[in-house]
Every structure is written in C-alpha cells, then in structure tokens.
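Asks: Residues per chain are reported as follows:
2 protein chains.
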Amino acid sequence: MSPEKIKQWLLSLQNRICQMVTDEEGERQFIEDAWTHTQGGGGLTRVLTEGAVIEKAGVNFSQVHGRALVAAATARHPDLVDCPFEAMGVSVVIHPRNPYVPTTHANVRFIQVTRKDGSHHSWFGGGFDLTPYYGFQEDCQHWHDEAKAACDPYGHEVYPRFKKWCDDYFYLKHRNEPRGIGGIFFDDLYEWDIEKSFAFMCDVGNHFISAYQPILRRRKSLPYGERERAFQRYRRGRYVEFNLIYDRGTLFGLQSGGRTESILMSLPPAVEWKYDWHPEPGSKEAELTEVFLKRTD
Amino acid sequence: MSPEKIKQWLLSLQNRICQMVTDEEGERQFIEDAWTHTQGGGGLTRVLTEGAVIEKAGVNFSQVHGRALVAAATARHPDLVDCPFEAMGVSVVIHPRNPYVPTTHANVRFIQVTRKDGSHHSWFGGGFDLTPYYGFQEDCQHWHDEAKAACDPYGHEVYPRFKKWCDDYFYLKHRNEPRGIGGIFFDDLYEWDIEKSFAFMCDVGNHFISAYQPILRRRKSLPYGERERAFQRYRRGRYVEFNLIYDRGTLFGLQSGGRTESILMSLPPAVEWKYDWHPEPGSKEAELTEVFLKRTD
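Sequence lines, in order, name chains G and S.
Quick note on this note's numbering: the first sequence kicks off at 1 and runs consecutively.
Quick note on this note's numbering: the second sequence kicks off at 1001 and runs consecutively.
Don't read these hints as lab results, they were simulated from the structure.
Careful: at least some of the hints might be erroneous.
Stated by the list, open to error - Label-pair ranges, simulated between beta-carbon atoms: (1) Arg218/G / Gln1039/S: 45 to 51 Å; (2) His278/G / Gly1225/S: 41 to 47 Å; (3) Phe1252/S / Tyr171/G: 54 to 60 Å; (4) Gln1213/S / Phe252/G: 55 to 61 Å; (5) Glu191/G / Arg1076/S: 41 to 47 Å; (6) Gly1225/S / His65/G: 45 to 51 Å; (7) Ser1256/S / Arg227/G: 54 to 60 Å; (8) Ser1256/S / Asp188/G: 34 to 40 Å; (9) Gly155/G / Asp1117/S: 54 to 60 Å.
Said to hold, decoys possible - Chain S is nowhere near these chain G residues, computed Cβ spacing over 10 Å in every case: (10) Ala68; (11) Thr74; (12) Pro84; (13) Glu138; (14) Asp168; (15) Trp273.
Glycine included, every Cβ here is placed at the ideal spot set by N, Cα and C.
Start from the sequences, fold in the hints, and give me the full structure.
Replies: Below is the structure:
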C-alpha cells in the first residue's frame, strides 16, 4: 500500500464530496485554494459560500510533512518521538442554509511515521457526525444505519466501539451536552493490516456521502422563517465552542503552523451568543436537547 | 487588609461600572443572576442585552473557594500545591452596538492561598484592554494615557512592563495579530505589600471607567450602516477565537466547573466567519490592521 495510492483515493473522495454538494446546491460552485505548509507539503482547500442551499461548505485535502509529531501524538508511542512523519487527509464541514438540514462533519486521515531504523509505523483515523438543529427520527435512523453499514464488514464489535468513541469525542463538557447526534469516530487504527484499514477508511468516506446526501435532499426545501434561522445561529455557537475549545484537529493544526483559513473554514458563517437563553419547554427547539441530544441506541 | 474589605470594594466597582454603562445606554437596564459555585462560593452576574447603545455587556463579580489551585497556577509555587484558596474578582466585557465604539474588557482579581502551616500567600491581577473595529487616534491616545496614569504612581517601570504584558497576552498567534490595541495586564502581583497592591488594583479599576466612558460617549451616536456592522461581526470572530483558544480565565473557568453562562457572557452577540476574507486595501476597514493593530508606543 503506497501513500501515493492513498493520496489518489483521498483526492477522488474530495471530488465526489464536492460533486454531491454542488448537485444539491444547484447555484454556486466551489472555489479552490492550493497552499503549501511551512514545514513541507500543502493542500487543496475547496470552499463554497453563500449558496442557495449551502451557506458554507469546506472540503479540504491536505498532505503535511513534519520533522516530529507533537508530544500529545507520541505519548503512547515513545519510539516515535522525533521521527519524521507524513499526514494526509480529507476533512469536510457543511453548513446548509436551511435550519432543517443538519450541519455535518467528516474526516479521513492517514499518518505514516518513519522510525530511526527506517521502518514505518502508520495508522488511519476518521469518521463522520451529524449536528441537527431540528430533529427528524427518520434522518437519525438513516444516519446511524449508514454508519453501521460502513463498519459491519469489519467485525460486529467495530460499530459499537466507534459509535461510542464518537459520542465521547464530540461532547461539550462545559455544557454537559453532546455536539450532535454522533455517528462514528476512530483514531490510531493500526491493529488491522494496512489493506484492511485502508478499505475501512474508503468505506467510511463512501458511506458519509450516502448518509448525508438523502438528508440534505429531503430537508433543503422545507419552509422556514426567522425563528428557525435565529435558533440555527444560536446552536451554531455550540459548534464554535466545540471546535475552538476541544477539537484536537483544530488545535493541533493551529499550533503546528497549519493554514489558519483552511482550519477555521469549519466555523459557521453566522453565529449568535445569547446570555442564558433557553428554548420554551415543549417547543420544537426544546425537542432538540430534550429528545435528540439524549444518548440513545 | 481583610478579604472582606477587598470584596466590598469589588462589589462597589461592579456597581460603578454598571452605572457608567446604563448612563450611556439610556434605555435598557442590567439583569442580575446570583449563582453558587460547585466547590463553594459563587457570584453575581449582571448582564445588559439588546440595548440602544449596548448590544451586550456583562459585569461579573465572583468569589470562589477551592481545595487546590489548578496545576498551571502552582507551577512556579510548589509550596502552594494542594492548598485551599479563595479567589475573587470583577470581570467586564462590553460589546457596543455602534461599530465605531470599541469593545472593551477589564478584570481585577485577588487570590489568597492558605499554606499547610496556616500562613497566607496572596496576589493580585487584572488590567484593561480595548478592541476597536475602526480606529481613532484620539481614542487610542486617551486609552493609553489613562492606563499610564493608573500605573505611574507605583513606579516608572510599572506602565511599560504591564503594557507589554498586555500586548503579549492578547495576541492571536494563529492570526499573527493582536486582539486589539492593548492597555495594561498584570498577574501574580505579590512583590509589593498588600496595601500597595490593593491600592494599585483600585486605581486600575477606577481608570478603566475614566478610560472607556469618554470613548463610548463620543462615538456612540456616529452614523453607520450595514457595511460597518458586517465588519464588526467579522472582527468579533477574532474576539471569539481569542477567548476560546487562548484566554486563561475562560479556559480555567470552564475546566474548573465555573458557571458556563457567566464565563461565556464575554462572547459577542452576533458574529460572522468568512473564508479568507480581507478588506479592500486602503479602505477604512483595512486601516484597522494596517495602522491600529501594528505595535507602536
């Protein structure tokens, strides 16, 4: 398994995700920014903004070389300290305009470290998760079904493990609240051989598209008004809080001299913070936290 | 110097700052929330929102007891590990509606730790800083003059030292950009006797009011339109980035189980993120980063 083959697959995934978004968007196209990383490597950021359906979407490919992983990444692997690495991945955030369409995030990544003796240690990571503003049982069911379908060929223990990892990761401790309804999340995946891990990463990427596109399609034309937009702006504040306080990819990216605009393209376009605001009990806004953000199976 | 005397002064400062804000606001009043901390103590949060002049202002008094300071706070004082402490302070963030009025932040705080042998170690911290959207030389001059006036009675080295500390602290490394035009910042102040330190903290609090009120008064009625509001929402994104990524008070507060709504009352009401946006060179928006956010004396 050559890194080049993985890179080509990642670039094709980026294309297919952008195609899915523009198919549903209809009006606007992605703009592209190629950039280079200070330590070597670079990326191709693709961003679509102010569309009819999509308020902001970022689909970023990056391939970064470095002389050493950050301390947090080598804590469990002391043999990898001060070893050069290559990291590549695709990350996606889609903020639709219609508040009835959930925001979504997906990421797949491959990291390869070259030890002092020339041998390699490599692993995969990734996943996808969904952040609705208004809940629909049908959408949640479909989302989790697709997540399960991506995992099941790799063993029956895979889905429950990576689903729980997702729930644990996308959690705002200071709010005592999950970021959304979850999905799957995995990291440090090297226990399988590289072919199996790569196949799994491909399945995760493919199932992200089949998980999100039907939801986007069936909710994008629902009528909404200022009430729903205001709630969407308010809830997007939680998204910002998560990404800037907890998200490891965001914080490591900023600390390691990554391209700020590509990293922070995940932030929502328009956001509001209101002091100690709570939706009316029993309202459709209250249903989000009372029903959909409760942990269930 | 009893903690009770410091507390009474902090409560009076909170009152005077709220009075200054409502004097300039004219329409809306502060609401009050008294709250208790999980580890003991509590606070009085006062928030004014959706005013004619003030879009959001928070003036928070808090007094928190704890069994031990966080590790970062005892790194330079190993004799204070696992010693109970008391922390009290007032923190202020004012987000005016008019984009020609800068956002401001101020904070004064007192921490007292009781060592195992019953002796005390206590220190003061605080400061104030200004975050304009559009720059006015006259306002910057007045702001820094007041900051200097607060410091000069305590020694000529005080102002340059605490001004630099402010510039260093309120800096967004991932943007290579200061948050605003600075002011003064100090922490761990125990090198003076407690009377002198307390007097200094009082001067800092008093000069914050005389630094900000004239700026608020002379800019609050300037005409503005959607262009200026959009730029204000965009620049407020930087404020959110600083507070959630770097600000120690915010992060320690959230980690130590502080009251989330009181801590995050510092976040601006309406914010926008735009991908890789830059103001037109030579525009009054570009002047902010090209002139006012350059470090000068």
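Asks: For every hint, state whether the structure bears it out.
Replies: Quick rundown of the hints versus the structure:
At roughly 48 Å, the beta carbons of Arg218/G and Gln1039/S sit within the given window of 45 to 51 Å. Evaluation of the 41 to 47 Å hint for His278/G and Gly1225/S yields a failure: the beta carbon distance comes to about 33 Å. Checked against the hint of 54 to 60 Å, the pair Phe1252/S and Tyr171/G fails, with Cβ atoms roughly 19 Å apart. Between Gln1213/S and Phe252/G the CB atoms are about 42 Å apart, so this pair departs from the stated range of 55 to 61 Å.
Taking the beta carbon of each, Glu191/G and Arg1076/S are about 42 Å apart, inside 41 to 47 Å as hinted. Remark: the range hint 45 to 51 Å for Gly1225/S to His65/G is upheld by a beta-carbon distance near 47 Å. Hint check: Ser1256/S to Arg227/G, Cβ distance near 36 Å, so the stated range 54 to 60 Å is violated. The beta-carbon spacing between Ser1256/S and Asp188/G, approximately 29 Å, falls outside the hinted interval of 34 to 40 Å.
Evaluation of the 54 to 60 Å hint for Gly155/G and Asp1117/S yields a pass: the beta carbon distance comes to about 58 Å. Listed as a non-interface residue, Ala68/G keeps its Cβ farther than 10 Å from every Cβ of chain S; the least gap is roughly 19 Å. Interface exclusion of Thr74/G from chain S stands, the closest Cβ pair being 21 Å apart, more than 10 Å. At the 10 Å boundary, the C-beta of Pro84/G stays outside the reach of chain S, the nearest C-beta of that chain being 24 Å off.
With a cut of 10 Å on Cβ distances, Glu138/G stays outside the contact zone with chain S, its closest approach being about 31 Å. Separation of Asp168/G from chain S is adequate, the least Cβ-Cβ distance of about 17 Å exceeding the 10 Å criterion. The Cβ of Trp273/G sits about 4 Å from the closest Cβ of chain S, inside the 10 Å cut-off, so the non-interface label is violated.
Of the numbered hints stated above, those contradicted by the structure are hints 2, 3, 4, 7, 8 and 15, listed in ascending order.
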